[in-house]
Amino acid sequence: MPEQAEKIVVALSSIPNTGKTTLFNRLTGSSQNTGNWPGVSVEKKVGRFSLGEYEISLVDLPGAYALSPVTEEEKVVRSYFLKTPPAVILNIVDAGNLYRSLGLTLQMSTSGLPMIVAVNMTDEKRKVDIPLLSTHLGVPVIPISARSGQGLPELKNALYEVINKPERTHVPHISCPPILEEAAKELSRKIIPGGALEKMDSNFLAMRLLEENTLSNTIHKTGLGNFIKQWRCRIEKSTGETIPITCAKCRFNAARGLVLEATGQKPEPPNGQNERIDRILLHRWFGLPLFLLIMFLLFQAVYGLGAPLQTYIGQGFDAAESWLKVQPSIAHQSNWLQSFLFDGLWQGLAIVTSFFPIIALFFIFISLIEASGYMARAAFLMDNLMHRIGLDGKAFINLLLGYGCNVPAIMGTRILSSHHSRVITMLLIPFTLCTARLQIFVFLTAILFSASVAPLVLFALYLGSFLVIITTGLLLKFLHIAGKPEPFIMEIPPYRMPTLNNVVLRTWQELKDFLYRAVSLIIAGVIVVWFLTNFPADVPAAGAETWAGQLGQLLSPLFYPLGIHWQETVALIFGLIAKEIVVGAIAVIYGGGDLSNQVVQHISPLQGLSFMIFTLFYTPCVATIAAIKAESGSWKITLFSLVLGLIVAWFASLLLYQTGLTLGFR
Amino acid sequence: MKKTISCLEQKPGVECIVHSLGSDEKVAQRLAQMGVLPGVTLQIIRIAPFGTTVEVSIDGSQSFAIRKDELTALNCQVVAMPLTSSDVQLHIAYRIRTLSGGRRFQQRMEAQGIHRGLFIRINNRTSPRIELHLIDQKKIVKLGRGEAEKIIIEVVDA
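Line by line, the protein sequences are chains A and B.
With the numbering used here, letter number 266 in the first sequence gets 266, and the count goes up by one each step, no holes.
With the numbering used here, letter number 82 in the second sequence gets 1082, and the count goes up by one each step, no holes.
Simulated from the structure, these hints should not be mistaken for lab results.
Hints are not guaranteed to be accurate.
[Said to hold, decoys possible] Result set (DSS-like, lysine-lysine): computed pairs, CA atoms no more than 30 Å apart in a straight line:
hint, chain 1, residue 1, chain 2, residue 2
1, A, K75, B, K1026
2, A, K237, B, K1011
3, A, K75, A, K229
4, A, K190, A, K127
5, B, K1068, A, K229
6, B, K1150, A, K75
[To be verified] Selected chain B positions facing chain A (in silico; Cβ < 7 Å):
hint, residue
7, V1018
8, G1022
9, G1039
10, A1048
11, F1064
12, K1068
13, T1072
14, R1129
15, H1133
Even glycine gets a Cβ: it sits at the ideal position worked out from N, Cα and C.
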């Protein structure tokens, strides 16, 4: 029997925007798993590849500037290193941003763990003295191009050699103020690192203890608390600043010297081409209109390309359904079972599949924008407006994602650095016009309005969504619902051409996630609808006497002022499960037959508009609620979100419908 | 006489040297870990729409976005500013530090005898054109606002 491959854990780490994801995708291809880091909602990606007799599991650590954390992501990185040190660290630095990249590299190289540095040659003109870097850092340094894959074989060879012979030749020393060095030396003698920490340099561990006061339990178990506290006070008194800042100064002094030696230049020269593009795209007056235009084109493309694909998929499912229905093995089953299979299960499957084109297209475009570097610029352009509602530019990206699907958007609030931004963004995302709701709107507007008016109605719904987000944001800011806003500091990366590999993998990952998340939920939802509209068993299906009908009628006093009939109320209730099933539910409730005729007969344009407004603002779906609960960790916030949505929806619909009636519309 | 960025007009072209990172610990630690430390030169590249967020480059290299409030909180001494800054005083000598426009702009300036390292003085800026006195050349040049914006000058000591 062949010997089992030895499993080796390699951690991929870097500061943000160095090409880490590109390298990760290059090395692991599609064999990636995503999940969450324990206890926090920060995405964890692990990929696998084989290397000689070893099986490598590559852990993609979130981007971090240092091991003394400021953000959630950095806390994850620090805990990972101290609790489960990897066998090898693979650090990637950007040759075009060497100074800033080296801050983290220097800190990690002092850890004493086996390490490799990959220099991503993003700028061909820039010469970097690789052997010199390697000598100074005491680890192998390999020039690569994450984009083209150049240097990857060499990187793998180096990795293989480090795994075989993990001993470090030397651990670099970064000179610090004498008092700090003395403290670290004293402290390192007292630490007796056990277990996982044994491989680490004790001086490095002492520095961690001095930089961060919450670490004591992770690193040592004896009573060093007071000893550390005394030293910390002495150091801070003598330097006049906090220890993380003193340490950053030491690191960057070393980094500056290293960059000067390795490249012969002081700082990185400015990127002329970048500046020329930004002069237009970030223009004080034209920047925002250009951004809005790009967004408009993006959505046009998503729906222009996605909607026909959806129609084809729908037709395919219809054809398959009629084919299946005449198959003897199915045709002989009872009516009851047939109804369940086709109106329940099959329809659920059709809905899930019909979602694929839109989600795929949406993430193709989003990953293009993200990888090109424009996303950060959008945040820069929007920061002022977002700041007015108590958020920062980064949160705008989440809101934007909400226009695709609320669930990933809410999951994405993890990228925000403060609790405040997270909560507010989470509460606002449900008011975005997601693709599921858009389907309802596309369907209804096409039936209720002429071809020339329908797109305008859709556009007005988007505007309505913006308007509600702004007013609700102002309200939440005024109410101080989630504490104080945080400062906004965000790196603006240079423009880069996105790689096909990255876009495809990202889109595939999102589709997979959607599948896991949605399939069970949506199919379950459709089955519940089927049950409620088919029972009690002795009444006509989908009639007023079914459980669903009774519920709708019970609520009708509330919905009468909005011009929403009990049949649509029932559809709205089902919409809580997933917006995708609302249209199907309307069809079933109005007794089947030609849906367009049914809608035209029963719903006036004004009533339809009121229905759409309500749909736009009330609770998106159970998946969104689940995401809010998971990300906020609070039932209070989840419940608040639910109630907020219902109230906003009710008042907005009331306002529209009653105004419409008064103005003589119907 | 040098001033910190807090009391000066923040507009594109203004450059300052960080002296200390201010009192907000979180902002200070974040900036420090991004390499923004005492001794580093920050330059305002551009102002975002509606004017509260600015793009700042570190030592002429990669840039980051920060709000004016946080930038103001830094102890950052202004060393250079565009000719159009309201903080430029009349009849005081300055030195031209950079011409920030494209090549054609530089050629146009060169043709008028304006280049790096030149000592200048502003005589008048109330009229639509700014009157620039080239001290050593004993010459007066009139510039439009658009041109003056791209000329970054530094304070001359003593």
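Hint check:
Taking the CA atoms of K75(A) and K1026(B), the gap is near 14 Å; set against the 30 Å cutoff, the hint holds. Proposed proximity of K237(A) and K1011(B) is contradicted: the alpha carbons are some 37 Å apart, above 30 Å. Taking the CA atoms of K75(A) and K229(A), the gap is near 21 Å; set against the 30 Å cutoff, the hint holds. Distance check on the hinted pair: K190(A) and K127(A) sit about 44 Å apart at the alpha-carbon level, beyond 30 Å; violated.
With a C-alpha separation of about 35 Å, the suggested pairing of K1068(B) with K229(A) is violated against the 30 Å cut-off. A hinted pair counts as satisfied when its Cα atoms are at most 30 Å apart, and K1150(B) with K75(A) does not qualify at roughly 43 Å. At about 11 Å, the closest approach between the beta carbon of V1018(B) and any beta carbon in chain A exceeds 7 Å, and the interface hint on this residue is violated. The criterion of a C-beta within 7 Å of any C-beta in chain A is not met by G1022(B), whose closest approach is roughly 10 Å, and the hint is violated.
The closest approach between the C-beta of G1039(B) and any C-beta of chain A is roughly 9 Å, which is over the 7 Å cut-off, so the hint fails. Satisfaction of the interface hint for A1048(B) is found here, the shortest Cβ-Cβ separation to chain A being roughly 5 Å, below the 7 Å cut-off. Contact between F1064(B) and chain A, as hinted, is supported at the beta carbon level, the nearest pair being about 5 Å apart and thus within 7 Å. With a cut of 7 Å, the hint placing K1068(B) at the interface with chain A is violated, because the nearest CB-to-CB distance is about 10 Å.
Restraint check, T1072(B) versus chain A: the minimum CB separation of about 12 Å is more than 7 Å; hint violated. With a least beta-carbon distance of about 23 Å to chain A, the hint placing R1129(B) at the interface is violated under the 7 Å criterion. Hint status for H1133(B): violated, given a least beta-carbon distance of 30 Å to chain A, over 7 Å.
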